[in-house]
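Trainee: Residue-level listing of the chains:
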Amino acid sequence: MWIFDKMSGRGIFGLILSTLLLAAPALADDYHYNNILVGDRAAGMGGAFTAVSDNASGCYYNPAGIVYGVGSNLSASVNAFSVSNKTYKGALTDVSGNALDWEQTSTVLLPNFFGATYDSPYGTLGFSYAVPDSVQRKQKQTFTNIKSSIPGAQIDEYILNINDVDNTYVFGPSFGMKATDDLSFGVTLYGFYRDATVIRNQLLRVDNNGNDEFEWNNGYIYRTEYGVKPMLGAMWSPTEKLVLGLTVSKGILFDSSNEQQVTFRGLSGYTYSGLPDFSNPDSLVFLKVDDDTKRKFPLTSTLGLAYFASPELLLSLDVSYHDAPEDGMESVINAAAGIEYYLTDRYALRAGLFSDLANTPDVKSGVTNQDEHVDLFGGSISLARFTRSTSTTVGVTYSYGSGDSQIISGSSSVQDLESSNLLAFLSAAYNF
Amino acid sequence: MRITTFCVTLGLLLVTALPAAADFRTRISQQLAAETTLSDVEAEISFGRDVAARILGNYPQMRNERLTRYVNLVGKGVAEYAGRPELNFHFAVLNTSSVNAFAAPGGYVFITKGALKLMQDESELAAVLAHEIAHISEKHIVKELNIRAEDEEGKSITSLVGGSSDPIRIALQQMVDKAIEILFKRGYLQEDEYAADLAGNGYIAMTSYDPTALQRYITRMQAQAGAKTAERDKTHPPADERINRLGVFLENNQLSSTLLSFTKERFKRYVDIR
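These protein sequences, in sequence, are chains Z and X. Each residue of the first sequence is one higher than the one before, starting from 64 at the first, in this note's numbering. Each residue of the second sequence is one higher than the one before, starting from 67 at the first, in this note's numbering.
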């Protein structure tokens, strides 16, 4: 056994280690910025809440808006059930030439928001906790009779198990104050914490020139990140019923730890780049990389517009600009539109549309190891019931997109990728 | 002329009774919070009864049936115009030389012997009682302490009043403590005091008492400021400002020169404070 000490770039998950060359797996969805919508009103309105923000979830969307809440407010997403699915079309090909899909599904049940606001003589204080991204992705697939890139070899059986748990948390105080009756400012100082673990195990039973052999690859990633994400907000009402909201935020990491391990057993007689031959069936390779490179986050600016048409009807629109934080990533403009309509004084219907565009470049032909690129578009709908001091909301958000990916490392072949996310949520808010 | 003036005054009262400048952000569901139910009234009365008991614990009631009956007649006459027909107003005189008056939610009004001694006619008595009635009718303490019946999905005063457990009784006690602190130490919010001045002035004008009575009374109280008015002075806005605002209100509503009833003789007949 020998240790492979230091790697760069995509890490050892992306090394050419196998006769079946899977790409380095993405952790939680780093390619998009609107992975989970939070807040009881905001989620139902497609996240178009920057110019509304007049309850506890305003701490997350625009702290300048919390000054317009009625009394003190406590808001919690009691439960959110998230199901996401990615299908890599034709990721594999069997010996008969049939394309086989590679499919990953994530299901998460979690409370994804809690917030409270309190009026004080100087302004409105708030505290909130949110989970803007959470994945518990699982893949358990077995394929048979797969083509191999090794001449004379055929993969009789391919067993793949992936378990990916990746949660991002933000939590911290907010403060909003009125400059005039029509103008307010606010700030939120979120602490940022991410904890991710990926375990991938793949076993290939290979007919290696008539010999029945196994290739085994077991990988482990553990990543933690600590940082802050401050947000500045302003809200201005130029005329009756019309409100403009503006926020600027940026995440900054103080500490990042990324540990990757791979244990590998190869096929005999086959040369893996930089690795010993595996003619001895007991020889294993253990690779380990510790990397403290800190991810960079985009500077995000969001402009919101809300029109309070009547006590029954509210329309809102958000446009967000995320700059390109690193080389190889692209700037993104997302938009969201929402509507809130009160059927009666006790029931409100909310709906929204939103985009969630990828921050990766388009996948090009003739190039290898490119990040996937899928632009998502979604909608949301919710129903809220009110009593004098409480509201209870049930709703769903759904987004879908198709694009391209390169799931096979070192290969220039491009796979179609379909991605969908469904979030069902139950929220409660209490005014006191 | 008098009818016209009263109509203008009534209109003004109705306007001031509405929520301040309806905020366009207000959603229709928030009207639920503003609705008053029968249970809310019961909670208000029950809470007010406890506060009234604490007031009487601070100052004993004056045992003078004739005087108490007279104050009740004047007070109930004014309260007819307060817009709270669901409340049964009770008036009592406190046996203290301190110059003050108090209102507990639910319709309990107290005036001190010292205050009566400072008054010169029935219209001034009606004006002071009207000011306290306005605190009740406008629910100043009720709103500030958020006293209301139980929401089916939230906690409320009804369960507190029910006192079914020690923590609930303690919470109720804390609410009563806060109300007593407002009445005796901190005072109402300043805007609530000004609002009570104006609303009370409207009540007495509609009851046909002299609308300048409160101005006269405050002016006299200001002139005699001292130990006996200290408690009232620290819980109320500056007298000059109150007088100015009342003057503007009377002028704008053409009430400053309206000659209505002083009823000095009857006042002297019933109120004989030495």
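Just so you know, these hints were derived from the structure itself, not from any lab. One thing to keep in mind: the hints can contain errors.
[Claimed, not checked] Where chain X lies over chain Z, by a calculated footprint (3+ residues, C-beta under 8 Å): (1) 365-376; (2) 451-462.
[Claimed, not checked] 20 Å max Cα-Cα, derived EDC-like pairs, lysine to aspartate or glutamate: (3) Z:Lys-152 to Z:Asp-434; (4) Z:Lys-359 to Z:Asp-93; (5) X:Lys-244 to Z:Asp-93; (6) Z:Lys-313 to Z:Asp-425; (7) Z:Lys-357 to Z:Asp-318; (8) X:Lys-209 to X:Glu-259; (9) Z:Lys-241 to X:Glu-259; (10) Z:Lys-427 to Z:Glu-375; (11) Z:Lys-427 to Z:Asp-345; (12) X:Lys-244 to X:Glu-210; (13) X:Lys-209 to Z:Asp-318; (14) Z:Lys-304 to X:Asp-89.
A virtual CB, placed ideally from N, CA and C, is assigned to each residue, including glycine.
Trainee: Each hint should be assessed against the structure and marked as holding or not.
Mentor: Evaluation of the provided hints:
Residue count for the stretch 365-376 of chain Z with a Cβ under 8 Å from a Cβ of chain X: 3. That meets the three needed, and the coverage hint holds. For the stretch 451-462 of chain Z, the proposed coverage by chain X is satisfied: 5 residues have a C-beta within less than 8 Å of a C-beta in that chain, meeting the threshold of three. For the given pair, Z:Lys-152 sits about 15 Å from Z:Asp-434 by alpha-carbon distance, which is consistent with the 20 Å threshold. As the CA atoms of Z:Lys-359 and Z:Asp-93 are separated by approximately 11 Å, the hinted pair is consistent with the 20 Å bound.
A distance of roughly 52 Å separates the Cα atoms of X:Lys-244 and Z:Asp-93; the hinted pair therefore is violated under the 20 Å criterion. A distance of roughly 25 Å separates the Cα atoms of Z:Lys-313 and Z:Asp-425; the hinted pair therefore is violated under the 20 Å criterion. Distance hint between Z:Lys-357 and Z:Asp-318 is fulfilled; the C-alpha atoms sit about 7 Å from each other, no more than 20 Å. The hinted pair formed by X:Lys-209 and X:Glu-259 meets the criterion: a straight-line CA distance of about 14 Å does not exceed 20 Å.
For the suggested pair Z:Lys-241 and X:Glu-259, the alpha carbons sit about 24 Å apart, so the restraint of at most 20 Å is broken. A distance of roughly 49 Å separates the Cα atoms of Z:Lys-427 and Z:Glu-375; the hinted pair therefore is violated under the 20 Å criterion. In summary, the hint linking Z:Lys-427 to Z:Asp-345 is not supported, as the alpha carbons are separated by about 41 Å, beyond the 20 Å threshold. Taken as a hint, the X:Lys-244 and X:Glu-210 pair is honoured in the structure, with Cα atoms around 10 Å apart against an allowance of 20 Å.
Under the criterion of a C-alpha separation no larger than 20 Å, the hint pairing X:Lys-209 with Z:Asp-318 is inconsistent with the structure, at around 49 Å. Restraint check: the Cα-Cα separation between Z:Lys-304 and X:Asp-89 comes to about 9 Å, which is no more than 20 Å; the hinted pair holds.
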